[in-house]
Amino acid sequence: MIFTFIKKIPFKIPLYLYGIYQREKLKRTKNYISSERLNLKNEPYVSIVILTYNALDYIKKCINSLSKTDYKNFEIIIVDNASGENTRKYLKDLKAKGIVDKLHLSRKNNYFAKGNNIGASLCSKKSEYILLLNSDTEIIDPKWLKILVSNVPPKGIISFGWADLPIPRPDGWCFFINRKTYSEESGLNEYYQMNWGITELTGKLLNKKITVRSIINPGKFIIHYGKRSYTKGIFSNKFNQIDPLYFLKLYRKYDTYQVFKIN
Numbered sequence: 018m019i020f021t022f023i024k025k026i027p028f029k030i031p032l033y034l035y036g037i038y039q040r041e042k043l044k045r046t047k048n049y050i051s052s053e054r055l056n057l058k059n060e061p062y063v064s065i066v067i068l069t070y071n072a073l074d075y076i077k078k079c080i081n082s083l084s085k086t087d088y089k090n091f092e093i094i095i096v097d098n099a100s101g102e103n104t105r106k107y108l109k110d111l112k113a114k115g116i117v118d119k120l121h122l123s124r125k126n127n128y129f130a131k132g133n134n135i136g137a138s139l140c141s142k143k144s145e146y147i148l149l150l151n152s153d154t155e156i157i158d159p160k161w162l163k164i165l166v167s168n169v170p171p172k173g174i175i176s177f178g179w180a181d182l183p184i185p186r187p188d189g190w191c192f193f194i195n196r197k198t199y200s201e202e203s204g205l206n207e208y209y210q211m212n213w214g215i216t217e218l219t220g221k222l223l224n225k226k227i228t229v230r231s232i233i234n235p236g237k238f239i240i241h242y243g244k245r246s247y248t249k250g251i252f253s254n255k256f257n258q259i260d261p262l263y264f265l266k267l268y269r270k271y272d273t274y275q276v277f278k279i280n
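Numbering (my numbering), first residue to last: 18 to 280.
Warning: the hint list may mix true and false statements.
Claimed, not checked - Here are the simulated BS3-like pairs of lysine-lysine, each with C-alpha atoms no more than 30 Å apart in a straight line:
#1 K58 with K125
#2 K119 with K143
#3 K143 with K85
#4 K197 with K119
These are calculated hints, taken from the structure and not from any lab test. Only a predicted model underlies this, so the values are computations on that prediction, with no experimental measurement involved.
Model the full structure from these sequences, guided by the hints.
As C-alpha cells, this is what we get:
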C-alpha cells in the first residue's frame with residue numbers, strides 16, 4: 018500500500034502546484050455579492066434534491082429549516098439510500114403530509130452520484146434548475162435560495178462553499194446547476210460513487226468555458242455540518258478515485274471559475 022502511494026506522488030505534485038497557483042490567484046480577486054440587492058424578476062422553478070442515509074437528527078434539522086425559505090417556487094425530492102426503519106418512517110410521514118413532494122426509497126445504498134442522478138430524474142418537467150443539497154445542512158437566512166437563483170450564470174453552476182484542495186472548485190453540499198446543462202452532461206458520473214462526480218462535472222463545464230461560481234463565506238445563510246450521513250472509511254479505496262493527471266487535464270481551462278464573498 019505504501020509503495021503504491023509513493024508511486025503516485027510524482028503525478029500528484031503537478032496537480033498540487035497548479036492548485037496552489039490558482040488558489041493564490043483567486044484570493045487576490047475581490048468579487049462580492051450583495052444579499053440585499055437581488056436581481057430577481059421572477060422565480061424560476063427549482064428542484065431541490067436531498068440524498069439521505071440515516072443521521073435522522075440532521076435530516077430533521079435540514080427539512081425543518083427549509084420552511085424558512087422565502088422563495089416559493091420549488092419542489093423537494095428526497096432519495097433515501099436504504100436508511101434504517103426510523104428514518105424511512107419519518108420520510109414517509111413527510112411525504113404523507115405534503116412537506117416532501119417526491120420520495121424515492123432505494124433498496125440499497127446507491128451512494129452520492131447515482132443517488133443524486135435518481136433524484137434529478139424525478140424533477141418536474143417545469144424545473145429550470147437542480148439543487149443538490151446535503152441532508153446535513155441547515156438553512157439560516159430565508160434569502161439563501163434567492164441568492165443562488167439571482168447569481169447563477171447562464172448554463173452554469175453556483176455553489177455555497179468550495180473545496181480548495183488540491184485545486185479550488187465548487188463543493189458538492191449545496192450545488193446549484195442549470196437543469197438542461199445537468200441533463201446534457203448526463204448528470205454525475207456514477208463511476209465515482211462518492212467523491213469525484215461533482216469535480217468531474219465542473220471540470221467538463223470549465224473546459225467548455227461555461228461560468229462556474231462559488232460563494233466562499235456561506236455561514237450567515239446556510240450551515241454544512243459535514244459528512245454526518247457518511248459511513249466510516251468513506252474516503253478509503255473502497256470507492257473509485259480520480260486519476261491526478263485526468264484531474265489536471267479537466268482543470269487546465271480555468272478562466273471561467275469565479276469565487277465570491279457575500280455581504
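Hint check:
With a C-alpha separation of about 42 Å, the suggested pair K58 and K125 falls outside the 30 Å cut-off, and the hint is violated. Taking the CA atoms of K119 and K143, the gap is about 15 Å. The hint holds against a cut of 30 Å. In summary, the hint linking K143 to K85 is supported, as the alpha carbons are separated by about 23 Å, within the 30 Å threshold. Note on K197 and K119: the hinted pairing holds, with a Cα-Cα distance of about 20 Å set against a maximum of 30 Å.
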